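If you want the building blocks of each chain, they are given just below.
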Amino acid sequence: MDCRDTLERLSDYQDGALDSAAAEAAGVHLRDCAGCAEAARSLAAVREGLRRLPPVAAPPELMARVREAVAREEGASSFISTGAAAPTGARPLLSRLRIPLEAAAAVLLVASIWWYQKGTPTYSVPKAPPAPSGTAAPAPKAVPDPSPRHPEKTAKSQDRESRLARQPDGTPPAAVAPEPAPGPPAATVAGRTEVASLPAGAPEPKFRDRSPAELPAAPAVRASSESARIVPMDAGPPVATGAEEGQGGAMPGIRNDAASAPAPRVLAAPPSRLLRALPYGREIVVDVTPEARGGAGDRIAAAARRLGGSVEQIERDPSGLDVVAVRVLLPEPAAPAFLSEMDRIGKVPPEGKPEEADIPAGPTRGTVAYTVRIR
Amino acid sequence: MEAPAGSGKPVDLLLEAFRQGKPDAFDAIMRAHQDRVYAFCARMLSDREEALDASQEVFLSAWRNLAAFRGESALSTWLLRIAANRCLNRIRQRKSTASREGPWPDADSDGDGPEFQPASPEGSRPDRVAENREMGAILSGALGRIDPDSRWLVLLSDVEGFSYEELAEMAEVPVGTVKSRLHRARMALRRMLAPAV
Numbered sequence: 001m002d003c004r005d006t007l008e009r010l011s012d013y014q015d016g017a018l019d020s021a022a023a024e025a026a027g028v029h030l031r032d033c034a035g036c037a038e039a040a041r042s043l044a045a046v047r048e049g050l051r052r053l054p055p056v057a058a059p060p061e062l063m064a065r066v067r068e069a070v071a072r073e074e075g076a077s078s079f080i081s082t083g084a085a086a087p088t089g090a091r092p093l094l095s096r097l098r099i100p101l102e103a104a105a106a107v108l109l110v111a112s113i114w115w116y117q118k119g120t121p122t123y124s125v126p127k128a129p130p131a132p133s134g135t136a137a138p139a140p141k142a143v144p145d146p147s148p149r150h151p152e153k154t155a156k157s158q159d160r161e162s163r164l165a166r167q168p169d170g171t172p173p174a175a176v177a178p179e180p181a182p183g184p185p186a187a188t189v190a191g192r193t194e195v196a197s198l199p200a201g202a203p204e205p206k207f208r209d210r211s212p213a214e215l216p217a218a219p220a221v222r223a224s225s226e227s228a229r230i231v232p233m234d235a236g237p238p239v240a241t242g243a244e245e246g247q248g249g250a251m252p253g254i255r256n257d258a259a260s261a262p263a264p265r266v267l268a269a270p271p272s273r274l275l276r277a278l279p280y281g282r283e284i285v286v287d288v289t290p291e292a293r294g295g296a297g298d299r300i301a302a303a304a305r306r307l308g309g310s311v312e313q314i315e316r317d318p319s320g321l322d323v324v325a326v327r328v329l330l331p332e333p334a335a336p337a338f339l340s341e342m343d344r345i346g347k348v349p350p351e352g353k354p355e356e357a358d359i360p361a362g363p364t365r366g367t368v369a370y371t372v373r374i375r
Numbered sequence: 376m377e378a379p380a381g382s383g384k385p386v387d388l389l390l391e392a393f394r395q396g397k398p399d400a401f402d403a404i405m406r407a408h409q410d411r412v413y414a415f416c417a418r419m420l421s422d423r424e425e426a427l428d429a430s431q432e433v434f435l436s437a438w439r440n441l442a443a444f445r446g447e448s449a450l451s452t453w454l455l456r457i458a459a460n461r462c463l464n465r466i467r468q469r470k471s472t473a474s475r476e477g478p479w480p481d482a483d484s485d486g487d488g489p490e491f492q493p494a495s496p497e498g499s500r501p502d503r504v505a506e507n508r509e510m511g512a513i514l515s516g517a518l519g520r521i522d523p524d525s526r527w528l529v530l531l532s533d534v535e536g537f538s539y540e541e542l543a544e545m546a547e548v549p550v551g552t553v554k555s556r557l558h559r560a561r562m563a564l565r566r567m568l569a570p571a572v
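These protein sequence lines are chains Y and Z, in that order. If you're matching positions, the first sequence starts at 1 in this note's numbering and goes up one per residue. If you're matching positions, the second sequence starts at 376 in this note's numbering and goes up one per residue.
Hints may contain errors.
[Stated by the list, open to error] If you want a taste of the chain Y side facing chain Z, the calculated C-beta under 7 Å gives, among others: (1) S11; (2) L43; (3) R47; (4) G49; (5) L53; (6) V56; (7) A57; (8) A58; (9) L62; (10) R65; (11) A69; (12) V70; (13) L108; (14) V110; (15) I345.
Honestly, the hints are just simulated from the structure, not real lab data. Keep in mind the model is a prediction, meaning the values are calculated, not measured. Cβ atoms here follow ideal geometry from the backbone N, Cα and C, with glycine treated the same way.
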């Protein structure tokens with residue numbers, strides 16, 4: 001290595017950034033060449049001098065000047081947000097448009113409510129008991145839709161009226177006024193009966209009719225009624241028969257336990273989520289054998305306490321016997337030991353275990369939080 | 376005020392306090408960093424008033440943008456990066472003071488700088504303090520005479536202790552370019568201070 005190469009690599013040599021062969025060659029040259037050795041010494045002196053530059057204190061007015069500038073900007077920003085007492089030319093466009101925008105929003109809201117009320121049909125279901133056979137059944141008293149929109153749905157609305165007037169035993173109503181006629185209501189043998197009484201020329205009320213296939217197919221889970229437990233159906237299209245409908249109560253896609261002989265498969269209840277996810281920390285899932293399940297929660301809590309942590313919350317199953325989740329806080333250094341302890345208590349599936357290096361933050365510095373769910 | 380958190384990533388508590396809207400948090404940030412930022416600006420600009428103006432700009436810019444600061448680097452690194460940009464802009468705008476700034480000596484030129492005494496292990500002795508101060512003034516004077524694009528690299532590397540990789544990221548050039556620029560600047564400083572060293 002000659003003088004030129006050596007001088008070009010002096011910084012790297014002094015940084016220890018040369019490979020061993022180059023460093024050895026530079027070292028040999030520096031031992032043999034007084035000029036390069038002097039250059040190396042003076043370069044090192046310059047670098048050392050830079051490292052030892054005396055500290056420089058900021059003048060006190062720097063803080064005051066920055067505070068003043070920040071206050072000016074804060075004043076400007078609050079001025080923009082309030083839009084008050086500002087020269088018109090300086091007020092931003094949005095600020096100047098504020099009142100008209102709010103007025104427009106109010107008008108839009110009122111118009112939306114009016115439109116909704118106008119388009120919503122109102123009707124009443126007859127409350128009278130079923131009329132004897134051969135008599136006219138009470139028909140729904142329809143209130144005419146003041147807005148003559150969707151006249152093409154008249155046939156459907158008649159069908160809907162017909163179903164609304166269907167008797168509880170499945171028989172259709174004895175008489176349904178297909179078309180409102182002007183004049184007095186129809187008279188029956190049993191006496192005066194209210195039938196659809198639309199004023200002359202009034203449009204039919206608007207109904208939306210849906211077939212069973214259009215109804216939502218999501219199964220009901222953990223739903224129940226006073227009379228019968230309702231359980232979800234197995235996967236597949238919802239089944240609705242006329243007989244079921246005719247017997248009243250059953251809805252398409254939902255089976256009535258009391259009426260059906262073979263018990264359907266009951267889906268498991270969803271896992272308890274009473275312990276909500278934390279804004280910090282991680283969840284761990286531990287698979288525990290049934291025989292070890294009884295004491296698993298206590299072992300988890302004991303492990304946390306033994307490692308210097310605390311137990312924040314314990315969640316039990318509905319029976320109150322088994323612990324299903326434990327939330328703990330631990331000192332940060334104890335996190336790996338706690339994870340190892342979880343491996344001894346049960347089997348932590350790969351997806352349920354945080355990475356070794358993934359130490360979650362706790363609510364305070366130096367702490368970690370885990371919610372251990374027992375499965 | 377940077378402390379390791381659980382993930383091992385530095386967490387600036389003052390920055391967190393500022394984001395939480397705690398009063399006086401920005402004052403605390405300023406108190407923690409103002410000397411370092413001002414010293415960098417003063418050494419870059421070699422002018423007290425300009426350094427004061429540049430430092431003010433740095434902290435005002437920080438105040439505007441702290442909420443969006445993602446913390447990928449230390450707050451001090453971020454502030455010094457802003458300071459470097461501000462100082463370089465100011466130097467480039469110095470059209471009327473070209474004589475004070477240049478011409479910049481290159482590595483092959485011979486400098487005739489002021490006297491310089493290299494630091495020694497005894498530099499911390501009381502009788503050496505004055506000498507060190509003088510050395511600092513001489514070095515600062517020499518720093519003001521090298522190319523500004525190399526000067527900030529020397530200041531951040533040899534004074535502030537930034538790594539070559541950090542400087543390469545800040546300058547958006549390869550690490551090798553940073554190393555060669557730094558070496559040329561150091562050799563220029565050595566030549567300027569040759570009578571003393």
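| query | Does the interface hint hold: is Y/R47 within less than 7 Å of chain Z, judged Cβ to Cβ? | reply | holds (6 Å)
| Minimum Cβ distance from Y/V70 to chain Z below 7 Å? | With a minimum Cβ separation of about 5 Å from chain Z (threshold 7 Å), the hint on Y/V70 holds.
| message | Given Y/G49 as an interface hint, is its Cβ closer than 7 Å to any Cβ of chain Z? | response | It holds, given that the least Cβ distance between Y/G49 and chain Z is near 5 Å, below 7 Å.
| field | Status of the hint placing Y/L43 at chain Z (closest C-beta pair under 7 Å) | value | Cβ of Y/L43 sits 5 Å from chain Z, so the hint holds.
| said: Take the shortest C-beta to C-beta distance between Y/A58 and chain Z; is it under 7 Å? | reply: holds (4 Å)
| query | Holds or violated: Y/L62 as interface residue toward chain Z, Cβ cutoff 7 Å? | reply | holds (5 Å)
| request: Return the status of the interface hint for Y/L108: holds when the least beta-carbon distance to chain Z is below 7 Å, violated otherwise. | output: Where the cut-off is 7 Å and the nearest Cβ of chain Z is about 33 Å from Y/L108, the hint is violated.
| message | Given a cut of 7 Å on the nearest C-beta pair, is the interface hint for Y/I345 held or broken against chain Z? | response | violated (23 Å)
| Does the interface hint hold: is Y/R65 within less than 7 Å of chain Z, judged Cβ to Cβ? | holds (5 Å)
| query | When the nearest CB of chain Z is found for Y/A69, is that gap smaller than 7 Å? | reply | holds (5 Å)
| field | Interface hint compliance - Y/S11 to chain Z, C-beta minimum distance less than 7 Å | value | With a closest approach of 4 Å, the Y/S11 hint holds.
| How about Y/A57: closest beta carbon in chain Z under 7 Å, or not? | Result: holds, 5 Å to nearest chain Z Cβ.
The structure fails to meet hints 13, 14 and 15 from the earlier list, while all remaining hints are met.
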